[in-house]
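Throw the hints in and build the complete structure from the sequences for me.
In case you want the letters, here they are:
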Amino acid sequence: MSNLPDWLPAAGNPPGIDPQAVVTPTAPEVIARGDNEMVLSMGPQHPSTHGVLQVVLGIDGEEVVRAEPEIGYLHTGIEKSAENLFWNQALTVIDRMDYLGPLTNNFAFCLGVERLLGITDRIPRRAQQLRVLFAEMTRITSHCIWLGTHAIDLGAISPFFYAVDLRENILDLIEAASGARMNPTYLRVGGINGDLPEGWLERLDALIAKFPARMRELRDLLQTNPIWTDREIDVGVISAEDAVAWSLTGPALRASGVAYDLRKAYPYSTYDEYEFDVPTRTEGDSYARFLVRLDEMEEAMRIIRQVRKKLEPGAVMVDDPSIALPPKPAIALSMESLIHHFKLVSEGFRVPAGDVYSAVEGPRGEVGYYIVSNGDNRPWRVRTRPASFYNLQAIKKIATGNLIADVVVMLGSLDPVFGEVDR
Amino acid sequence: MADRSAYTVSTAVDPTAVRPPIDDVNEIIRTTPDRVLAVLADLKAQGYRQLTDLGAADYLERSPRFDVIYHLTALPAQATAVAELGRPRRARVLCGVGEGVTVPSAVALWPSANWPEREIFDLFGITFSEHPDLRRIQMPADWEGHPLRKDYPLRGPARDRTPRPPFASKTNVPAQMPPTGAVAESLRRQIFERMHRNGSDESEAKS
Numbered sequence: 000m001s002n003l004p005d006w007l008p009a010a011g012n013p014p015g016i017d018p019q020a021v022v023t024p025t026a027p028e029v030i031a032r033g034d035n036e037m038v039l040s041m042g043p044q045h046p047s048t049h050g051v052l053q054v055v056l057g058i059d060g061e062e063v064v065r066a067e068p069e070i071g072y073l074h075t076g077i078e079k080s081a082e083n084l085f086w087n088q089a090l091t092v093i094d095r096m097d098y099l100g101p102l103t104n105n106f107a108f109c110l111g112v113e114r115l116l117g118i119t120d121r122i123p124r125r126a127q128q129l130r131v132l133f134a135e136m137t138r139i140t141s142h143c144i145w146l147g148t149h150a151i152d153l154g155a156i157s158p159f160f161y162a163v164d165l166r167e168n169i170l171d172l173i174e175a176a177s178g179a180r181m182n183p184t185y186l187r188v189g190g191i192n193g194d195l196p197e198g199w200l201e202r203l204d205a206l207i208a209k210f211p212a213r214m215r216e217l218r219d220l221l222q223t224n225p226i227w228t229d230r231e232i233d234v235g236v237i238s239a240e241d242a243v244a245w246s247l248t249g250p251a252l253r254a255s256g257v258a259y260d261l262r263k264a265y266p267y268s269t270y271d272e273y274e275f276d277v278p279t280r281t282e283g284d285s286y287a288r289f290l291v292r293l294d295e296m297e298e299a300m301r302i303i304r305q306v307r308k309k310l311e312p313g314a315v316m317v318d319d320p321s322i323a324l325p326p327k328p329a330i331a332l333s334m335e336s337l338i339h340h341f342k343l344v345s346e347g348f349r350v351p352a353g354d355v356y357s358a359v360e361g362p363r364g365e366v367g368y369y370i371v372s373n374g375d376n377r378p379w380r381v382r383t384r385p386a387s388f389y390n391l392q393a394i395k396k397i398a399t400g401n402l403i404a405d406v407v408v409m410l411g412s413l414d415p416v417f418g419e420v421d422r
Numbered sequence: 000m001a002d003r004s005a006y007t008v009s010t011a012v013d014p015t016a017v018r019p020p021i022d023d024v025n026e027i028i029r030t031t032p033d034r035v036l037a038v039l040a041d042l043k044a045q046g047y048r049q050l051t052d053l054g055a056a057d058y059l060e061r062s063p064r065f066d067v068i069y070h071l072t073a074l075p076a077q078a079t080a081v082a083e084l085g086r087p088r089r090a091r092v093l094c095g096v097g098e099g100v101t102v103p104s105a106v107a108l109w110p111s112a113n114w115p116e117r118e119i120f121d122l123f124g125i126t127f128s129e130h131p132d133l134r135r136i137q138m139p140a141d142w143e144g145h146p147l148r149k150d151y152p153l154r155g156p157a158r159d160r161t162p163r164p165p166f167a168s169k170t171n172v173p174a175q176m177p178p179t180g181a182v183a184e185s186l187r188r189q190i191f192e193r194m195h196r197n198g199s200d201e202s203e204a205k206s
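If you read the sequences in order, they're chains Y and G.
Oh and the first sequence: position 65 is 64 in numbering that gives the first Met the number 0, straight run, nothing missing.
Oh and the second sequence: position 49 is 48 in numbering that gives the first Met the number 0, straight run, nothing missing.
In case anyone wonders, no lab produced these hints; they're calculated from the structure.
You may find that some hints are simply not true.
[As the list claims (entries may be wrong)] A partial selection of chain G residues facing chain Y, derived with a Cβ cut-off under 7 Å:
no., residue
1, Lys43
2, Gln45
3, Gly46
4, Asp52
5, His70
6, Gln77
7, Leu84
8, Arg88
9, Val100
10, Pro110
11, Ser111
Glycine included, C-beta positions come from ideal geometry on N, C-alpha and C.
So, in structure tokens, the structure goes:
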């Protein structure tokens, strides 16, 4: 009767099963809430978890029923360490929280301590402009790593090389100015540590000149690539209401439509003098977060160009011998400088008692420090408001009901950095 | 410039003082654990829709000992442009918490309070009632103590107890040319044995 081979079972129910007893589940919730749930531990050594994150997934087939991220694998007690260091020494450990955006961490901390000291108005303009310049450079480098690793998670290897190449160009500049590629601790309370080296601005000009072409390359690789868009669009949707309720900040919040950017809302340093847009989208999915970050890289370069044009000559540290280290040549010539140097290095400076919350817009969102001083030369309490700690938490909400493969997309699009999540 | 030597150094920052803000915070409210949830719900109704941060601080000699600090930002719950948003209001709620006192959880108001409350429980030992999942988050589940308390040492005794292998002292090695051949092999074996011997034989190995 048919051309099927005779070893195939006949059509119909397998022998021994009463067709009346077979219940076909129809409603999706019946399938999802059945007894088929299996627990799958993703991480802490999974390549797509960007460090050491474990997500315990309750899955039914390919569908995620529950998602519980387990963090703390990188906990190093940075807050405790910072409370036992001098104010300027604390900058070195605070660098290492969000190790992809170290300068923005220090930026927030320095602004807070300067408010406690009451020297906010006396920070030289060149120092403020350079802080903005380096914060924006950090934003681009951080987004480069995000883009590269996010693409690798989704199976595209080449964007990583393009992104890291661009990042290295910027890190070379950061290294030339601060002495270190990764955790530069370039900022100090009261300004920045040393002016730019000779010829640095010309190198920056060269970077500015080639940036648009490099950015176009990055966009061409992924933005309209159908494989990429299929994986990203409508994956991990967060509504504006949920984004606010889950304390999302930065690109994750702006991709949901709320154009909340601390650089615009509470302009610090000289951000109110530059023209830039806050890239915002309303879709709230992974693709929207991808586009917002790409646009942010271009806006960051726009700010860098304006800082470059407006950069003023002058001092880079506050003129206050009790806070700023004296210039090195002065130590050899003046007794007072030597004494100040000795006192600042051996016991630091004291900060008036009080508390302050200071936040800046980091690459991942609001990086805030609630700093309490008791008048001593060490902070009493340094509470960090880590952007990716809060952003990552939302994975519990958005992963449920999606496919396992999409969890990787969502994690990447939230861009967590575990130095900051675990501290 | 103010005379900085006049600043008092004390471990107790005044518990009841509400200092004028020197940051972007518009209102500072000090409250107690039994009223904090009502205060927070009231603020949320006033438009403070985002729980920006939830942290704690230990003042050790102060009574109440801890502060749980909420930072709230008045963000809209729908898509908003930069111009409409302007400069959102910010509030800080300080809740004094004594040792062993339980604070009501804010998870019902903001789901994002889940992890920070777990972190405060983990690192300060402050418990939250009605929390859906109160367990350690940063430290291992079997950890003892709460590291961010001021009476918790910066370095634990575990660091001193780390076993170190007893190395051969210099007197054992002839002070001429480096040994070669069979002599070197026997020395290497001796050192290897000492490194892998139990701690009880340490004194013998040194002599």
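Status of the hints after comparison with the structure:
1. A distance limit of 7 Å between C-beta atoms decides the matter here; for lysine 43(G) the minimum to chain Y is near 10 Å, and the interface restraint is violated.
2. A distance limit of 7 Å between C-beta atoms decides the matter here; for glutamine 45(G) the minimum to chain Y is near 15 Å, and the interface restraint is violated.
3. Hint status for glycine 46(G): violated, given a least beta-carbon distance of 11 Å to chain Y, over 7 Å.
4. Interface hint status for aspartate 52(G): upheld, as the beta-carbon distance to the closest one in chain Y is roughly 4 Å, under 7 Å.
5. The restraint placing histidine 70(G) at the interface with chain Y holds, with a minimum CB-CB distance near 6 Å, inside the 7 Å limit.
6. Interface restraint check: glutamine 77(G) against chain Y, minimum CB-CB distance 5 Å, threshold 7 Å, status holds.
7. Residue-level restraint check for leucine 84(G) holds (minimum Cβ-Cβ distance to chain Y is 6 Å; threshold 7 Å).
8. Evaluation of the arginine 88(G) hint against chain Y yields a violated restraint, the C-beta minimum of about 10 Å exceeding 7 Å.
9. The restraint placing valine 100(G) at the interface with chain Y is violated, with a minimum CB-CB distance near 19 Å, outside the 7 Å limit.
10. Contact between proline 110(G) and chain Y, as hinted, is supported at the beta carbon level, the nearest pair being about 6 Å apart and thus within 7 Å.
11. The interface hint given for serine 111(G) is met, as the beta carbon of that residue sits about 4 Å from the closest beta carbon of chain Y, less than 7 Å.
Checked against the numbered hints above, the structure breaks hints 1, 2, 3, 8 and 9 and satisfies the rest.
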